[in-house]
Amino acid sequence: DAMVIQNPRYQVTQFGKPVTLSCSQTLNHNVMYWYQQKSSQAPKLLFHYYDKDFNNEADTPDNFQSRRPNTSFCFLDIRSPGLGDAAMYLCATRRLAGGNTDTQYFGPGTRLTVL
Amino acid sequence: AQSVSQHNHHVILSEAASLELGCNYSYGGTVNLFWYVQYPGQHLQLLLKYFSGDPLVKGIKGFEAEFIKSKFSFNLRKPSVQWSDTAEYFCAVNAGNDYKLSFGAGTTVTVRA
Chain A
1 DAMVIQNPRY QVTQFGKPVT LSCSQTLNHN VMYWYQQKSS QAPKLLFHYY DKDFNNEADT
61 PDNFQSRRPN TSFCFLDIRS PGLGDAAMYL CATRRLAGGN TDTQYFGPGT RLTVL
Chain B
1 AQSVSQHNHH VILSEAASLE LGCNYSYGGT VNLFWYVQYP GQHLQLLLKY FSGDPLVKGI
61 KGFEAEFIKS KFSFNLRKPS VQWSDTAEYF CAVNAGNDYK LSFGAGTTVT VRA
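Taken in sequence, the protein lines are chains A and B.
Heads up: the first sequence at position 76 corresponds to 76 in the working numbering, and the numbers run straight through without jumps.
Heads up: the second sequence at position 19 corresponds to 19 in the working numbering, and the numbers run straight through without jumps.
Please keep in mind that the hints were generated in silico from the structure rather than gathered at the bench.
Note that the structure is predicted; figures quoted are calculated from it, not measured.
Among the hints, erroneous ones may be present.
Said to hold, decoys possible - Calculated lysine to any residue pairs in the SDA-like style (CA-CA distance at most 25 Å, straight line):
hint: 1; chain 1: A; residue 1: Lys38; chain 2: A; residue 2: Arg111
hint: 2; chain 1: A; residue 1: Lys38; chain 2: B; residue 2: His9
hint: 3; chain 1: B; residue 1: Lys61; chain 2: A; residue 2: Tyr105
hint: 4; chain 1: B; residue 1: Lys71; chain 2: A; residue 2: Asp102
hint: 5; chain 1: A; residue 1: Lys38; chain 2: B; residue 2: Ile12
hint: 6; chain 1: B; residue 1: Lys49; chain 2: A; residue 2: Gln41
hint: 7; chain 1: A; residue 1: Lys38; chain 2: B; residue 2: Ser80
hint: 8; chain 1: B; residue 1: Lys100; chain 2: A; residue 2: Tyr105
hint: 9; chain 1: B; residue 1: Lys100; chain 2: A; residue 2: Gln65
hint: 10; chain 1: B; residue 1: Lys100; chain 2: A; residue 2: Pro108
hint: 11; chain 1: A; residue 1: Lys38; chain 2: B; residue 2: Phe51
hint: 12; chain 1: B; residue 1: Lys100; chain 2: A; residue 2: Gln14
hint: 13; chain 1: B; residue 1: Lys49; chain 2: A; residue 2: Gln65
hint: 14; chain 1: B; residue 1: Lys100; chain 2: A; residue 2: Asn63
hint: 15; chain 1: A; residue 1: Lys44; chain 2: B; residue 2: Asn24
hint: 16; chain 1: B; residue 1: Lys100; chain 2: A; residue 2: Ser40
hint: 17; chain 1: A; residue 1: Lys38; chain 2: B; residue 2: Lys71
hint: 18; chain 1: A; residue 1: Lys44; chain 2: B; residue 2: Glu15
hint: 19; chain 1: B; residue 1: Lys49; chain 2: A; residue 2: Ala42
hint: 20; chain 1: B; residue 1: Lys100; chain 2: A; residue 2: Ser22
hint: 21; chain 1: B; residue 1: Lys100; chain 2: A; residue 2: Leu115
Required output: the full structure, derived from the provided sequences and hints.
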């Protein structure tokens with residue numbers, strides 16, 4: 001059963017044309033993450049939500065935004081995609097409560113192509 | 001902030017050979033340790049994890065890892081690899097109850113039939 005779902009799996013956009021990637025989860029986890037992964041590199045954390053609290057990584061460009069309307073859904077908005085933003089975008093979720101941690105579960109990713 | 005080092009960028013071996021991938025981290029406190037695998041064209045999957053207890057952890061598909069606190073290491077092993085183990089392997093570390101998971105650069109493992 002799918003636990004972290006990402007749509008679409010493949011997204012093609014034009015240079016400068018806004019794009020939104022979607023992530024949903026059935027785990028009821030309170031933390032949701034967005035990572036960018038380029039070919040043969042480790043995933044790079046862009047930001048995360050702890051419940052409704054948004055936490056941006058210091059080196060995440062302003063071009064990247066996120067929304068979490070409810071526990072289950074989280075969106076990644078790229079306002080003006082550049083060629084350098086072509087990558088795999090991974091969503092992950094995690095249960096974090098009372099100082100106890102759990103595993104991060106990753107979705108299948110959305111591969112973004114920028115023309 | 002913690003950092004994670006994976007010793008090998010690319011490992012090539014034959015089927016039935018033994019595999020060991022090194023992982024070292026820099027953080028002096030309590031850590032949670034993970035190995036993830038990414039098969040070609042697929043998403044990251046958890047191989048195994050260590051939170052506490054027995055430092056020798058067994059995961060899926062015959063993999064195991066040993067946490068050696070004094071060496072800040074969490075090396076991954078498999079006694080006999082198969083062609084289907086061809087994948088990218090990522091070590092990841094989470095310090096205490098920190099939200100952030102720090103990944104190593106990854107090791108590409110190619111198993112030749």
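Tested hints:
Restraint check: the Cα-Cα separation between lysine 38 of chain A and arginine 111 of chain A comes to about 10 Å, which is no more than 25 Å; the hinted pair holds. Note on lysine 38 of chain A and histidine 9 of chain B: the hinted pairing holds, with a Cα-Cα distance of about 15 Å set against a maximum of 25 Å. A threshold of 25 Å between alpha carbons decides the hint, and for lysine 61 of chain B with tyrosine 105 of chain A the separation of about 18 Å falls inside it, so the pair holds. Our distance criterion of 25 Å between C-alpha atoms is met by lysine 71 of chain B and aspartate 102 of chain A, whose separation comes to about 24 Å.
For the given pair, lysine 38 of chain A sits about 22 Å from isoleucine 12 of chain B by alpha-carbon distance, which is consistent with the 25 Å threshold. A threshold of 25 Å between alpha carbons decides the hint, and for lysine 49 of chain B with glutamine 41 of chain A the separation of about 21 Å falls inside it, so the pair holds. Note on lysine 38 of chain A and serine 80 of chain B: the hinted pairing is violated, with a Cα-Cα distance of about 30 Å set against a maximum of 25 Å. Between lysine 100 of chain B and tyrosine 105 of chain A the CA atoms are separated by roughly 13 Å; this keeps the pair inside 25 Å, and the hint holds.
At roughly 18 Å between alpha-carbon atoms, lysine 100 of chain B and glutamine 65 of chain A fall within 25 Å of each other, so this suggested pair holds. This hinted pair checks out: lysine 100 of chain B and proline 108 of chain A have alpha carbons roughly 20 Å apart, not beyond 25 Å. As the CA atoms of lysine 38 of chain A and phenylalanine 51 of chain B are separated by approximately 29 Å, the hinted pair breaks the 25 Å bound. Distance restraint check for lysine 100 of chain B and glutamine 14 of chain A: the Cα-Cα separation of roughly 32 Å exceeds the 25 Å cut-off, and the hinted pair is therefore not satisfied.
Taking the CA atoms of lysine 49 of chain B and glutamine 65 of chain A, the gap is near 31 Å; set against the 25 Å cutoff, the hint is violated. For a cut-off of 25 Å, the pair hint linking lysine 100 of chain B to asparagine 63 of chain A stands: about 21 Å separates their Cα positions. Straight-line distance between C-alpha atoms of lysine 44 of chain A and asparagine 24 of chain B comes to about 19 Å, which keeps the hinted pair within the 25 Å bound. Between lysine 100 of chain B and serine 40 of chain A the CA atoms are separated by roughly 21 Å; this keeps the pair inside 25 Å, and the hint holds.
Between lysine 38 of chain A and lysine 71 of chain B the CA atoms are separated by roughly 30 Å; this puts the pair beyond 25 Å, and the hint is violated. A threshold of 25 Å between alpha carbons decides the hint, and for lysine 44 of chain A with glutamate 15 of chain B the separation of about 32 Å lies outside it, so the pair is violated. For the given pair, lysine 49 of chain B sits about 18 Å from alanine 42 of chain A by alpha-carbon distance, which is consistent with the 25 Å threshold. With a C-alpha separation of about 21 Å, the suggested pairing of lysine 100 of chain B with serine 22 of chain A holds against the 25 Å cut-off.
With a C-alpha separation of about 32 Å, the suggested pairing of lysine 100 of chain B with leucine 115 of chain A is violated against the 25 Å cut-off.
Against the hints set out earlier in the document, violations occur for numbers 7, 11, 12, 13, 17, 18 and 21.
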